[in-house]
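Trainee: As they're listed, the protein sequences go chains A and B.
Okay, so the first sequence: first residue is 1 according to the UniProt record's numbering, each after it adds one.
Okay, so the second sequence: first residue is 1 according to the UniProt record's numbering, each after it adds one.
Don't take each hint at face value.
Pulled a few chain B residues facing chain A out of the computed Cβ check, cut under 10 angstroms [as the list claims (entries may be wrong)]:
{"id": "1", "residue": "R36"}
{"id": "2", "residue": "Y70"}
{"id": "3", "residue": "V120"}
{"id": "4", "residue": "F129"}
{"id": "5", "residue": "Q130"}
{"id": "6", "residue": "A145"}
{"id": "7", "residue": "E153"}
{"id": "8", "residue": "L312"}
{"id": "9", "residue": "A313"}
{"id": "10", "residue": "D314"}
{"id": "11", "residue": "P316"}
Facing chain B, according to a computed beta carbon distance under 7 angstroms, are these residues of chain A, among others [said to hold, decoys possible]:
{"id": "12", "residue": "L141"}
{"id": "13", "residue": "F263"}
{"id": "14", "residue": "T267"}
Note that these hints are calculated values from the structure, not bench results.
Beta carbons: idealized from backbone N, C-alpha and C, even for Gly.
Number of protein chains: 2
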Amino acid sequence: MGLDHAATKPHEKLAAHLANKLDQVNTLIRARMESRHAPRIPEVTAHLVEAGGKRLRPMLTLAAADMCGYGGDFDVHLAATVEFIHTATLLHDDVVDESAQRRGRPAANLLWDNKSSVLVGDYLFSRAFQLMVETGSLRVLDILANASATIAEGEVLQLTASRDLATNEAIYLQIVRGKTAALFSAATEVGGVISGVSEDQVQALYDYGDALGIAFQIVDDLLDYQGQSTATGKNVGDDFRERKLTLPVIKAVAEASEDERAFWTRTIEKGQQRDGDLDHALELLERHDALGRTRQDANVWADKAKSSLNRLADHPVRQMLLDLTDFVIARVS
Amino acid sequence: MGLDHAATKPHEKLAAHLANKLDQVNTLIRARMESRHAPRIPEVTAHLVEAGGKRLRPMLTLAAADMCGYGGDFDVHLAATVEFIHTATLLHDDVVDESAQRRGRPAANLLWDNKSSVLVGDYLFSRAFQLMVETGSLRVLDILANASATIAEGEVLQLTASRDLATNEAIYLQIVRGKTAALFSAATEVGGVISGVSEDQVQALYDYGDALGIAFQIVDDLLDYQGQSTATGKNVGDDFRERKLTLPVIKAVAEASEDERAFWTRTIEKGQQRDGDLDHALELLERHDALGRTRQDANVWADKAKSSLNRLADHPVRQMLLDLTDFVIARVS
Numbered sequence: 001m002g003l004d005h006a007a008t009k010p011h012e013k014l015a016a017h018l019a020n021k022l023d024q025v026n027t028l029i030r031a032r033m034e035s036r037h038a039p040r041i042p043e044v045t046a047h048l049v050e051a052g053g054k055r056l057r058p059m060l061t062l063a064a065a066d067m068c069g070y071g072g073d074f075d076v077h078l079a080a081t082v083e084f085i086h087t088a089t090l091l092h093d094d095v096v097d098e099s100a101q102r103r104g105r106p107a108a109n110l111l112w113d114n115k116s117s118v119l120v121g122d123y124l125f126s127r128a129f130q131l132m133v134e135t136g137s138l139r140v141l142d143i144l145a146n147a148s149a150t151i152a153e154g155e156v157l158q159l160t161a162s163r164d165l166a167t168n169e170a171i172y173l174q175i176v177r178g179k180t181a182a183l184f185s186a187a188t189e190v191g192g193v194i195s196g197v198s199e200d201q202v203q204a205l206y207d208y209g210d211a212l213g214i215a216f217q218i219v220d221d222l223l224d225y226q227g228q229s230t231a232t233g234k235n236v237g238d239d240f241r242e243r244k245l246t247l248p249v250i251k252a253v254a255e256a257s258e259d260e261r262a263f264w265t266r267t268i269e270k271g272q273q274r275d276g277d278l279d280h281a282l283e284l285l286e287r288h289d290a291l292g293r294t295r296q297d298a299n300v301w302a303d304k305a306k307s308s309l310n311r312l313a314d315h316p317v318r319q320m321l322l323d324l325t326d327f328v329i330a331r332v333s
Numbered sequence: 001m002g003l004d005h006a007a008t009k010p011h012e013k014l015a016a017h018l019a020n021k022l023d024q025v026n027t028l029i030r031a032r033m034e035s036r037h038a039p040r041i042p043e044v045t046a047h048l049v050e051a052g053g054k055r056l057r058p059m060l061t062l063a064a065a066d067m068c069g070y071g072g073d074f075d076v077h078l079a080a081t082v083e084f085i086h087t088a089t090l091l092h093d094d095v096v097d098e099s100a101q102r103r104g105r106p107a108a109n110l111l112w113d114n115k116s117s118v119l120v121g122d123y124l125f126s127r128a129f130q131l132m133v134e135t136g137s138l139r140v141l142d143i144l145a146n147a148s149a150t151i152a153e154g155e156v157l158q159l160t161a162s163r164d165l166a167t168n169e170a171i172y173l174q175i176v177r178g179k180t181a182a183l184f185s186a187a188t189e190v191g192g193v194i195s196g197v198s199e200d201q202v203q204a205l206y207d208y209g210d211a212l213g214i215a216f217q218i219v220d221d222l223l224d225y226q227g228q229s230t231a232t233g234k235n236v237g238d239d240f241r242e243r244k245l246t247l248p249v250i251k252a253v254a255e256a257s258e259d260e261r262a263f264w265t266r267t268i269e270k271g272q273q274r275d276g277d278l279d280h281a282l283e284l285l286e287r288h289d290a291l292g293r294t295r296q297d298a299n300v301w302a303d304k305a306k307s308s309l310n311r312l313a314d315h316p317v318r319q320m321l322l323d324l325t326d327f328v329i330a331r332v333s
């Protein structure tokens, strides 16, 4: 990372500024996670919801409402909603198939079985649904219903497209919108909607969440090929081993020679990987400057995010969100 | 079954009466199942949504709205909503763990992998969510959000309670409300709500759906021990082999001698089953008249369902729903 962000990390500043509201979100999350009838539920969710997540998505909702001068309590409801949807998605993402389990992937669902992951995820989603109904805003419900559909569609698309070399940057973008940006943009948009600000401002908030989410996911995919496992909790090359086509590889495939294409077909499409393949993949990414060009794309999306923010009035939180955007990018520069 | 219902089966009469609306429901389901981005989705859902289901749940919504003199189009939206939720639940229910797969259970998810079942289920649920938001009724959304939570909670409860001999009739009832009755009662209730009828009538519709759903599930659990596989699509004793405590066994366990209790502990709790165990289980059910007493319970719930209907004004559809209730019970008498 090369930069010293100690004590000045933008999401920590944001968390400090929103501390009071974040406490209320945490209290609400704990209350709604409870199940009188099924004690297994808080057991499964506790390690996900409690365990030191950055609460990035709920903070986006709180930050948006704060910038818009919102004075009510529904920002807390919606922040908890967004975190529940996120956690439900993580649980469902943890469901793996027999073959993947056999390859020894360390996933949260090995602590619990597949069935618990699915059903507890459903429970969290239904809790999110109840929370949003409590806001009484049909517009908020509409936004979150559409975001849910985009998320689910993106996940299914990833399932079919991620091992297919025909997957291009446009399809990648759809997948990224589904798996990450749709919830980011819904989180910021609903913060504006409950505050009753103008359509222009709501749109700017949506655009900010969308672009930030895309930048965030591109950076994540980039870190998979250049990160240190301590920083990301992932090992370099996980996506390659899981045969997941992400932007760096898509860029390298687009410029591949015949031999190179045969390599990607064997390793990603057919999944026939052997020792040394990851090193060769990294070499090919280097040869086509795929990581550098992916980093440029992340920068473009970060710039879009910041110019969307600049359509909003000046506000201390706006500066924190601008800094947050730079920080997301700083992880790979 | 012993009765000749050919051409006079109550659900067929109901389907004939509601044919026009049911066509609209089917058209809407097909339209909303489509996914521009992820063609895998209709592939997975087609065999579930298209393939000759009885459309019982959507018919309940249409029937309730019809009895209440509803003149709009949202009954069609809500009927499709209910069917999507049902189908999503089936898909998530199909997710099995490695051990279960190894025992060779023939499930729909063997056609597709676990991950597709989960994600396509999520997609259908998000589509259901969009459909209900379109009705613009916060009360309808509240009912369906609560039903979703009850369903998910019931499923998790079943996961932990179904192999535990301490599970009693009260817990069984909670599970049954979750897995079956919550969607039945939401289906009938929303039909009344969109029609704008009195609270008494809405309550009667809810009570009907709840009691019918419970009777329906008890009958289903009973058929598992006394049905013919052609009538039910299941083999006798599936629940026993899957170590699922249902009402007949709960009743037999409650009156078990020490030896009998050891048998249930070994076969259900520990899952150590051998040849002849199913026959012995059937003998124990017989010894304690567990099937007969389960049948009586089903009758009590069917009577509750019918008396709830009788709180509504006379109507041709009311008679069909009364007959439907008798028909559910006739499967086991």
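Trainee: Work down the list of hints and note, for each, if the structure agrees.
Mentor: Hint check:
| no. | hint | result |
| --- | --- | --- |
| 1 | R36 | 9 angstroms, holds |
| 2 | Y70 | 20 angstroms, violated |
| 3 | V120 | 6 angstroms, holds |
| 4 | F129 | 4 angstroms, holds |
| 5 | Q130 | 5 angstroms, holds |
| 6 | A145 | 4 angstroms, holds |
| 7 | E153 | 5 angstroms, holds |
| 8 | L312 | 27 angstroms, violated |
| 9 | A313 | 31 angstroms, violated |
| 10 | D314 | 35 angstroms, violated |
| 11 | P316 | 35 angstroms, violated |
| 12 | L141 | 5 angstroms, holds |
| 13 | F263 | 26 angstroms, violated |
| 14 | T267 | 21 angstroms, violated |
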